[in-house]
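Asks: Each chain, letter by letter, is given below.
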Amino acid sequence: MIINSNNLTKLFITSTMIGLQSCGQSGQNTPTIQKLTITGSSTVAPLVGEIAKRFEAENSEVRIDVQTGGSSRGIADVESAVADIGMVSRALKEEEKGKLYGFVIAKDGIGIIVHSSNPVKEINDEQVVAIYQGEIDNWKEVGGKDAPITVVNKAEGRSTLELFLKYFQLKNSQIKAKVVIGDNQQGTKTVAGNENAIGYVSVGAAEYEIDQGVPIKLLPVGGVEATSETVRDGSFPLSRPLTVITKNQPEGLTEEFIQFAQSEEVHDLVRGQNLIPFQTK
Amino acid sequence: MKQEIIKSPISTILVWLVAVLVTGTFAWILGDIIFHGVGGISWEFLTTAPEDAGRSGGIGPILVSTGLILAVAMGVSVPLGVGTAILLAEFTSATNWFGRFVRRSLDILAGVPSIVFGLFGNAFFAKTLGLGFSILSGGLTLACMVLPILIRSAEEGLRGVPDELRLGAAALGLSRTTTLFHLLLPAAIPGLLVGLVLGIGRAIAETAALVFTSGYVARMPQSLLDSGRSLSIHIFDLSMNISGGDTNAYGSALVLVILLLMINATAAWLAHQSSSKYNDSYQFR
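Sequence order for the protein chains is A and B.
Counting from 0, one number per residue, gives the positions in the first sequence under numbering that gives the first Met the number 0.
Counting from 0, one number per residue, gives the positions in the second sequence under numbering that gives the first Met the number 0.
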């Protein structure tokens, strides 16, 4: 009986191993193809994915894999050499500039959004800070109706959060959020579904959603209207460069791809993702 | 007494209300997905590659990746799962300390959130074994995830086989292997299929574990070592990360639901076939 059960286990193990082996071989049959792995920010990933597709179409021997997971992961993966290029949806910090090379490929603004039925037209920076700290918890205190404010915040590790905190000089631990979200779209959906919510998302994405009839509106930040125009000309204070990063000075395929991603050839793709092309002069 | 209680109008209404609520929720979700998704589905949608980050174009490569991930997951987990179930049900008694230890571990594993499997898969399959972001990494991670479900339901299936069959086989002098392959496994097929359906259901719906293992690449996979985006990740990305991706998200969701219904129907049909065959050939009472 024991022998039988042993044979059975052996059978399973060998069959699994044969399965694995054949998988391994099929991948090694394509040595001529050069591969780039890019990981990081979910805001940048769809854009880089489209740029990569066009780059692949023009260079048939190249394969570019774009993975997502957030800016922090982009940095970690580049540092541990898991990825050739990382994506971060902000500028490199001073302490990162020594270790990493950053290349801006597009710009994006972060706008404060509320439900379109909300009568509030403008709130100043101090009020935003007070709302996010829970000191103001009713819309009537900032000129709205008598209703509790639902604060929507981004999850830890998201660049949008970091940028928001930096501009408003807040710490994440000070924020009393009722809803914590991950990706951009989740922000617009949460606010569109809650008349008393306040959140912050990409200006380009919010403009697109408003065009599509989603019931949200953008509030000015620091007195400047949140539009693609003000983000492009730099007058909108809460904007960020979408950056690709490398560990070493890029060369070869990596350099070619980054140059391609910064070139005018991809400006239509940048606009297609509701982002703002970045002019390198 | 009991009958009186059951027949009292309040409990009748309550029971009906609960039933209507449950089926109503299901019908609402299904109706919503069909209503929004049916317009987007066409042969072209099913076969072409996504364009413009998924806003337009189809889901061809994503369907292929999903199928491959599922095939790897099931190809690895079914033999391992059935093997372990045989060990637990046929070669160890219900009170054996080893069997109890394995069972307890499986129950704990079954309750582990999928993101933990994802992180494990990323650390072990993708990095330690060097498989990278690949369909293989994703499939193996899912295999680990569905193993507990598969094993427990296969074990239940085997334990459900009447002991008369084992005794009869022993009395006829059949070896244990023969008994296993010709009597017990065929008789346990309905139980195995339940496990398979639950496992496939969990695997095909998985998002969190796959982001870190099989990845986000929406290109047609050339081999199992390529990264491939699964349907569930595609739906998540379109609905949560891509503005204007909702139409295709609904289309993809409808495809996913149809796939699941098809798998369930096939399994139910197979179970019915095998159980009627089993009843015809092994009438022992």
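Since the hints were derived computationally from the structure, they do not count as laboratory data.
Glycine is no exception: its CB is placed at the ideal position from the N, C-alpha and C atoms.
Keep in mind that a hint or two might mislead.
Said to hold, decoys possible - Result set (BS3-like, lysine-lysine): computed pairs, CA atoms no more than 30 Å apart in a straight line:
1. B:LYS126 / A:LYS98
2. A:LYS92 / B:LYS126
3. A:LYS92 / A:LYS165
4. A:LYS246 / A:LYS52
5. A:LYS120 / A:LYS34
6. A:LYS246 / A:LYS216
7. B:LYS126 / A:LYS96
8. B:LYS126 / A:LYS34
9. B:LYS126 / A:LYS170
10. A:LYS170 / A:LYS96
11. A:LYS188 / B:LYS126
12. A:LYS52 / A:LYS170
13. A:LYS139 / A:LYS175
To be verified - Heads up, incomplete: computed chain A residues facing chain B, CB under 8 Å, no partners named:
14. SER59
15. GLN132
16. ASP136
17. TYR207
Said to hold, decoys possible - Listing some non-contacts, in silico: residues in chain B with all C-beta distances to chain A over 12 Å:
18. GLY23
19. ALA109
20. ASN121
21. GLN221
22. MET239
23. GLY244
24. LEU253
Asks: Hint by hint, say whether it matches the structure.
Replies: The hints, checked one at a time:
no. : hint                : result
1   : B:LYS126 / A:LYS98  : holds (23 Å)
2   : A:LYS92 / B:LYS126  : holds (28 Å)
3   : A:LYS92 / A:LYS165  : holds (12 Å)
4   : A:LYS246 / A:LYS52  : holds (23 Å)
5   : A:LYS120 / A:LYS34  : violated (50 Å)
6   : A:LYS246 / A:LYS216 : violated (39 Å)
7   : B:LYS126 / A:LYS96  : holds (27 Å)
8   : B:LYS126 / A:LYS34  : holds (17 Å)
9   : B:LYS126 / A:LYS170 : violated (34 Å)
10  : A:LYS170 / A:LYS96  : holds (23 Å)
11  : A:LYS188 / B:LYS126 : violated (35 Å)
12  : A:LYS52 / A:LYS170  : violated (39 Å)
13  : A:LYS139 / A:LYS175 : holds (19 Å)
14  : SER59               : violated (13 Å)
15  : GLN132              : violated (27 Å)
16  : ASP136              : violated (27 Å)
17  : TYR207              : holds (5 Å)
18  : GLY23               : holds (21 Å)
19  : ALA109              : holds (21 Å)
20  : ASN121              : violated (10 Å)
21  : GLN221              : violated (7 Å)
22  : MET239              : violated (4 Å)
23  : GLY244              : violated (8 Å)
24  : LEU253              : holds (19 Å)
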